[in-house]
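Asks: Assemble the complex: chain A is given as a structure, and chain W must be docked to it using the hints.
There are 2 protein chains.
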Amino acid sequence: MESAEFGQHILSRFNEDMERLRSDVLRMGGLAESQLGQALQSLALGDRALAADVVRGEAEVNRLEVEIDDECSRILATRAPAASDLRLVLAIIKTITDLERVGDEAHKIANIVGRRGLERGSIDGYRVVRHLGGVALAYLRDALDIFARLDAHAALEAVKRDRLLDEEYDAIQRQCITFMIEDPRTIRASIDLMWVARALERVGDHAKNICEYVIYMVGGRDVRHVSLDEVEKQLLAAVPAAGAAVAAPPPDGTA
Amino acid sequence: MESAEFGQHILSRFNEDMERLRSDVLRMGGLAESQLGQALQSLALGDRALAADVVRGEAEVNRLEVEIDDECSRILATRAPAASDLRLVLAIIKTITDLERVGDEAHKIANIVGRRGLERGSIDGYRVVRHLGGVALAYLRDALDIFARLDAHAALEAVKRDRLLDEEYDAIQRQCITFMIEDPRTIRASIDLMWVARALERVGDHAKNICEYVIYMVGGRDVRHVSLDEVEKQLLAAVPAAGAAVAAPPPDGTA
Chain A
1 MESAEFGQHI LSRFNEDMER LRSDVLRMGG LAESQLGQAL QSLALGDRAL
51 AADVVRGEAE VNRLEVEIDD ECSRILATRA PAASDLRLVL AIIKTITDLE
101 RVGDEAHKIA NIVGRRGLER GSIDGYRVVR HLGGVALAYL RDALDIFARL
151 DAHAALEAVK RDRLLDEEYD AIQRQCITFM IEDPRTIRAS IDLMWVARAL
201 ERVGDHAKNI CEYVIYMVGG RDVRHVSLDE VEKQLLAAVP AAGAAVAAPP
251 PDGTA
Chain W
1 MESAEFGQHI LSRFNEDMER LRSDVLRMGG LAESQLGQAL QSLALGDRAL
51 AADVVRGEAE VNRLEVEIDD ECSRILATRA PAASDLRLVL AIIKTITDLE
101 RVGDEAHKIA NIVGRRGLER GSIDGYRVVR HLGGVALAYL RDALDIFARL
151 DAHAALEAVK RDRLLDEEYD AIQRQCITFM IEDPRTIRAS IDLMWVARAL
201 ERVGDHAKNI CEYVIYMVGG RDVRHVSLDE VEKQLLAAVP AAGAAVAAPP
251 PDGTA
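Each protein sequence line maps, in turn, to chains A and W.
For the first sequence, my numbering begins at 1 and goes up steadily by one.
For the second sequence, my numbering begins at 1 and goes up steadily by one.
Hints are not guaranteed to be accurate.
DSBU-like, lysine-lysine: derived pairs with alpha carbons at most 30 Å apart [as the list claims (entries may be wrong)]:
| hint | chain 1 | residue 1 | chain 2 | residue 2 |
| --- | --- | --- | --- | --- |
| 1 | A | LYS160 | W | LYS108 |
| 2 | A | LYS160 | W | LYS160 |
| 3 | A | LYS94 | A | LYS160 |
| 4 | A | LYS94 | A | LYS108 |
| 5 | W | LYS108 | A | LYS108 |
| 6 | W | LYS94 | A | LYS233 |
| 7 | W | LYS108 | W | LYS94 |
| 8 | W | LYS160 | A | LYS233 |
| 9 | W | LYS160 | A | LYS108 |
Bear in mind the hints are in silico, worked out from the structure with no lab data behind them.
Here chain A stands alone, though its shape is the one from the complex:
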């Protein structure tokens, strides 16, 4: 009886550890999201003081990465989690790398604002990237929400959105080249704009990566470098869609 209670105690400590880990990741995600939002706002307003805040704020994102990474190592070393708990820890180790890079991208955008703004005299740079900025920020927010709910099916839908972002990014690149060719005085501003667009496209990649980790966590399948049709098939085999999950046992009886 004492041993069972002790086991229960260990289990509840373990669950607490895992729960804290998840909420730490969400806190780091919220911070990365806020850094990106502020970087975009500093761009919209040409607000260099706000841009400087973003540059300073990056250290906290980095600190959280190291802290969560340490916590993951500690949990692996002391609790040797198995199956879905192990997958959660491994997915978190990867997720925080992506979140740290989102912080980097926000920093890059803020640096451009701090250095020159987008030289708003010649071309209205912010107008060109405004939509892409909104899309990238919403994508990151949704990815974090999907992580919070561990919703693999929403993750699969979200993975598909990255292509739209890439298309918009390509269109902006072409537009910047047109600006430069039509009026070489816009060259510097256009290049800054290309870097901002690039940073936003990278944020989309990181959001997509986070969604892929959620699919891995829930479904136990690594879906990186696999076609979306294949991912969908694998995921439906591992985790039936909502409704089906309640109404019927998994089709192959193994999930």
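Replies: Then chain W, alone, in the frame of chain A:
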């Protein structure tokens, strides 16, 4: 006696696992290095067929990433490694992400060659990035060598090299802007050149990351986002430099 033999058997199986894991990473690293080397060669020669080979070759780098990642998960789940073995597995999980991204960067360079070359008529693009390409490739090769030898002190020296690469990258960016301003007909070619330089600068970041993981593996300290002086101090405390390691016990008696 039987039990001791069984323990010995488990241990030797574990060591075999770890050794295979290390050699798999080196194989993946060799492939990423070869992809980058070929991408640079395709750029030098304007060889689109070679560039197409690089684009096709990326799938194998990606496949190795997933395979090694699975193997790491399996080892964590079945052997619950501790201390330095755990750190090795965690460092490998991170290292292969960086190697996969090196493959991505090689792919990007090859794509530019496949699309247009560097429009060698107007500016000699290859000449501009040749040195940076050589430096990035050598940096990656050294990082892999440092990983193979798990040499934390060489890793620390190598981490410092990233700054030189960044400086050369910045100089190329400025040069490209000068090309464009002086002769707007070079705009497209200069932008391609900027993307190639960017890809090479990213390779340098990945090589640096791999060196930082080696420091973490050997010294047990996470040195990302820490100043180089601080890293050096921490590393010397954890792992005395060659010579000192043989001549004297670790200064704090805990290593």
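Asks: Now tell me if each hint is right for this structure.
Replies: Each hint, compared with the structure:
{"no.": "1", "hint": "A:LYS160 with W:LYS108", "result": "21 Å, holds"}
{"no.": "2", "hint": "A:LYS160 with W:LYS160", "result": "39 Å, violated"}
{"no.": "3", "hint": "A:LYS94 with A:LYS160", "result": "20 Å, holds"}
{"no.": "4", "hint": "A:LYS94 with A:LYS108", "result": "21 Å, holds"}
{"no.": "5", "hint": "W:LYS108 with A:LYS108", "result": "21 Å, holds"}
{"no.": "6", "hint": "W:LYS94 with A:LYS233", "result": "28 Å, holds"}
{"no.": "7", "hint": "W:LYS108 with W:LYS94", "result": "21 Å, holds"}
{"no.": "8", "hint": "W:LYS160 with A:LYS233", "result": "46 Å, violated"}
{"no.": "9", "hint": "W:LYS160 with A:LYS108", "result": "21 Å, holds"}
Violated hints for the displayed structure, listed by number in ascending order: 2, 8.
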